[in-house]
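Engineer: Sequence:
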Amino acid sequence: MNAPDRPVHRRSALRAGAGAALAAALAAGCADPDSAGPAAASPTRPEPEKRPSTGAHAPAPTPHRIPGQPVQIDHGPRDRARVALTFHGQGDPAVARTVLGTAERAGARVTVLAVGSWLDEHPGMARRILDGGHDLGNHTQHHIDISSMDETRAYAEITDCAQRLRRLTGSIGTWFRPSRTRYATPLVQRLAARAGYPHVLSYDVDSLDFTSPGATAVTRKVAGEIRNGSVVSMHFGYADTVAALPLLLTELDRRGLRAVTTTELLT
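Counting in the numbering used here, the final residue of the sequence shown is number 272, and the numbers go up one at a time with none missing.
I should point out that these hints are in silico values taken from the structure, not numbers from a laboratory. One should not assume that every hint holds.
With a Cα cut of at most 20 Å, we get these calculated SDA-like pairs of lysine to any residue [as the list claims (entries may be wrong)]:
1. K226 x D211
2. K226 x S207
3. K226 x R259
4. K226 x S176
5. K226 x R87
6. K226 x P72
7. K226 x A200
8. K226 x L192
9. K226 x D79
10. K226 x R263
11. K226 x D165
12. K226 x T216
13. K226 x F215
14. K226 x L213
15. K226 x G261
Let the hints inform the model, and build the full structure from the sequences given.
Structural biologist: In structure tokens:
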């Protein structure tokens, strides 16, 4: 939300445009024969990529230890009406820009855990994420099963992505999330700490959007489980996610829940 004198109009528009669809989604169950097709077919117009200006950028945020939080975090405080929508950063950048733009128009901020090889292919996405006011973190270099790797290879997966982030933004990112697993092993936790990440970011709500169950199922799954302090796992690159996000943001607004960055959720 950019203009402080427009929040009431934004909320009204969101509710008017998506309230009926949300009610149908929550009542429909998991099957959605009319779910969106390939991401490129999404009716949502992709947001133009925000490229870095020629001027200097403020230093990107860096990781820091949060007092009172465990090494592996899967949710924030349950006594505050805030949630964190986190996205695995990989896939078609046009879809990623659409997701970011949808969140921003609703006044929401998200957390993106980027895959290093994705940043190699689309380096402008790092600054697009940060310039939108979102958190940017590390989701390993190649997004393969880090739990099955030996120490040397697992450490390289973390640090190689960290190096990409540092080169593009001046920071290794604010968060680390292991690849292909919900929870980091004790070894991966130690390696993440050695690489500069005092916390590992997990989640307590899995949208299952990567299974392409249909936008209705994604909406119903998240809306049925999300509560104060929740950290939600979602993904760029899936049409179901693009279609479900406006409905989810409307539902959060209806419940009085703010979608904030993970940093804001926990501090």
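Engineer: Where does the structure disagree with the numbered hints, that is, which hint numbers, in rising order?
Structural biologist: 4, 6, 7, 8, 11
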